[in-house]
Amino acid sequence: MNTHVEVKQTAFDPSACLAEFVGRIGDEGAVVSFTGRARGHAKDGALIEALVLESYRGVTLASMRQIAADAHAKFPITASHVIHRTGRIAPEEAIVFVATASPHRRAAFEAADYLMDRLKTEAVFWKREEHASGSTWIEPTDADRSDAMRWSNSLS
Amino acid sequence: MNTHVEVKQTAFDPSACLAEFVGRIGDEGAVVSFTGRARGHAKDGALIEALVLESYRGVTLASMRQIAADAHAKFPITASHVIHRTGRIAPEEAIVFVATASPHRRAAFEAADYLMDRLKTEAVFWKREEHASGSTWIEPTDADRSDAMRWSNSLS
Amino acid sequence: MNKSIDVELCGKLADSYGGSVTLDISQDGLSVRELFAAVSSAYPLLAPVLAGGRIRACVNEVIVPDDAMIHHGDAAALFPPVSGG
Amino acid sequence: MNKSIDVELCGKLADSYGGSVTLDISQDGLSVRELFAAVSSAYPLLAPVLAGGRIRACVNEVIVPDDAMIHHGDAAALFPPVSGG
Numbered sequence: 005m006n007t008h009v010e011v012k013q014t015a016f017d018p019s020a021c022l023a024e025f026v027g028r029i030g031d032e033g034a035v036v037s038f039t040g041r042a043r044g045h046a047k048d049g050a051l052i053e054a055l056v057l058e059s060y061r062g063v064t065l066a067s068m069r070q071i072a073a074d075a076h077a078k079f080p081i082t083a084s085h086v087i088h089r090t091g092r093i094a095p096e097e098a099i100v101f102v103a104t105a106s107p108h109r110r111a112a113f114e115a116a117d118y119l120m121d122r123l124k125t126e127a128v129f130w131k132r133e134e135h136a137s138g139s140t141w142i143e144p145t146d147a148d149r150s151d152a153m154r155w156s157n158s159l160s
Numbered sequence: 005m006n007t008h009v010e011v012k013q014t015a016f017d018p019s020a021c022l023a024e025f026v027g028r029i030g031d032e033g034a035v036v037s038f039t040g041r042a043r044g045h046a047k048d049g050a051l052i053e054a055l056v057l058e059s060y061r062g063v064t065l066a067s068m069r070q071i072a073a074d075a076h077a078k079f080p081i082t083a084s085h086v087i088h089r090t091g092r093i094a095p096e097e098a099i100v101f102v103a104t105a106s107p108h109r110r111a112a113f114e115a116a117d118y119l120m121d122r123l124k125t126e127a128v129f130w131k132r133e134e135h136a137s138g139s140t141w142i143e144p145t146d147a148d149r150s151d152a153m154r155w156s157n158s159l160s
Numbered sequence: 004m005n006k007s008i009d010v011e012l013c014g015k016l017a018d019s020y021g022g023s024v025t026l027d028i029s030q031d032g033l034s035v036r037e038l039f040a041a042v043s044s045a046y047p048l049l050a051p052v053l054a055g056g057r058i059r060a061c062v063n064e065v066i067v068p069d070d071a072m073i074h075h076g077d078a079a080a081l082f083p084p085v086s087g088g
Numbered sequence: 004m005n006k007s008i009d010v011e012l013c014g015k016l017a018d019s020y021g022g023s024v025t026l027d028i029s030q031d032g033l034s035v036r037e038l039f040a041a042v043s044s045a046y047p048l049l050a051p052v053l054a055g056g057r058i059r060a061c062v063n064e065v066i067v068p069d070d071a072m073i074h075h076g077d078a079a080a081l082f083p084p085v086s087g088g
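Protein chains in written order, with the numbering used here: chain B, 5 to 160; chain P, 5 to 160; chain U, 4 to 88; chain E, 4 to 88.
Don't read these hints as lab results, they were simulated from the structure. None of these values were measured; they are calculated from a predicted model. Ideal Cβ positions, reconstructed from N, Cα and C, are used throughout, including at glycine. Be aware that a few hints might be false.
[Said to hold, decoys possible] Within a straight-line C-alpha distance of at most 20 Å, the following computed EDC-like cross-link-like pairs (lysine to aspartate or glutamate) qualify: (1) U:Lys15 / P:Glu126; (2) E:Lys6 / B:Glu126; (3) U:Lys15 / P:Glu134; (4) P:Lys12 / P:Glu58; (5) E:Lys15 / B:Glu134; (6) B:Lys47 / B:Glu134; (7) E:Lys6 / E:Asp27; (8) U:Lys15 / P:Asp31; (9) P:Lys12 / P:Asp148; (10) P:Lys12 / P:Glu133; (11) E:Lys15 / B:Asp31; (12) U:Lys15 / P:Asp74; (13) E:Lys15 / B:Glu10; (14) B:Lys12 / B:Glu97; (15) U:Lys15 / P:Glu133; (16) B:Lys12 / B:Asp48; (17) U:Lys15 / P:Glu96; (18) P:Lys47 / B:Asp31; (19) U:Lys6 / U:Glu37; (20) E:Lys6 / B:Glu10; (21) E:Lys15 / B:Glu133; (22) B:Lys47 / P:Glu133; (23) P:Lys47 / P:Glu96.
[Claimed, not checked] Counterexamples of contact, computed for chain U against chain P with all Cβ distances above 12 Å: (24) Asn5; (25) Tyr20; (26) Val24; (27) Gln30; (28) Gly32; (29) Pro68; (30) Gly88.
[As the list claims (entries may be wrong)] Just the calculated beta-carbon pair ranges, DEER-fashion: (31) P:Ala23 / E:Ser44: 48 to 56 Å; (32) B:Asp146 / U:Asp70: 50 to 58 Å; (33) P:Pro80 / U:Asp77: 40 to 48 Å; (34) U:Ser29 / P:Ala20: 47 to 55 Å; (35) P:Ala136 / B:Asp146: 54 to 62 Å; (36) P:Glu143 / B:Asp31: 18 to 26 Å; (37) E:Ser7 / P:Ala20: 22 to 30 Å; (38) B:Arg69 / U:Gly55: 47 to 55 Å.
Model the full structure from these sequences, guided by the hints.
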């Protein structure tokens, strides 16, 4: 299985990840990437100073590897790339980068979409937003859970 | 409308496009990119030497701009980037690069997916694959047409 | 007095006669429908594909309907089905 | 003779008592169910969230069911709902 899964302690550049990913695939016709970035403002408009992500030993990486393996089992993709930050993340910095390659456009899109839905709800991270008045733990939203449910009726 | 639409005569680097795109957006949480690349083998396994794309004067760029405008009208995206090659394209080179940004993951995915479906079937290009025994014109497949139809029942 | 017009042939339409063909047209011009008939008559290898209903005419960088008029000096082109990406 | 075990508290569970708490446990160990009760009793601010049914136990880097056993020397942790991305 041609996948690269990594937890990063420091800031990373999504375009460098895309370059690395494209550099290790063949002549697949379709490459999809998703970059999740730390926002600078909460829904109520309050300034967010940082997003802090906590991981747990090998469990976090293992959960990401399982999700990548499931994506390869479920979709005809030939390669994937899953990078996730931990630690203190400034607004506009990347939190997560996912890329997929396939001969088929639809498979590449769906697998990237699936990877993100699973990462949002099942990857072993805990995150909180720090703002002037304290910090707020962020859990998956109802939308995140219903997005993830889209795939479950045909899970292998 | 924060969109950049361009026809390129020469090879371009999708990761540089992603860097440029991310460099001109704000703190949007979701960035999706799609790269379409020239394949090296036809479905029957025959070696493809090059993909040749033809465009027509200002009509090609206008068709791409219309598709980008429709994506902005249809989805809550804040920015988009649409680059398309013309001319002779070697296997593994990028043909098309699309990127979208949104506060919402689903909107970014759907808008990129939509842009590609429309570009495949409505952008004013003609393409042929060159191989040892001659060349073959490529038209949208049935899958391309049915992909594009997915959006039409809710077209604004 | 007749004038002539160059019609650009895009994509696979260029396979038989190259990227453009020339037609004599009257000073009053002709409709897209008449253009198709004139091209089919003067360049018979194009007749089958022009009869297939999937070719569009482009005049001065705008895709136009069958009853649009074309005059000497216009930039006319014929588009087979497009395919980007 | 009783032994002790450190239980790591992940995410929001660390808000009240920091990132880990210590429990005395018997030499026979205890089940996950008993761990929840012992933590709730010794660290009462954690009792409501542990009773909510959404906390999972992780022993030696594996998420385990309620009847799994934990012994002195195991790496135990409590996970609130996870959220990546």
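Tell me, in ascending order, the numbers of any earlier hints that this structure violates.
Hint check: 2, 8, 9, 11, 12, 13, 16, 17, 20, 22, 30 and 37 fail, others pass.
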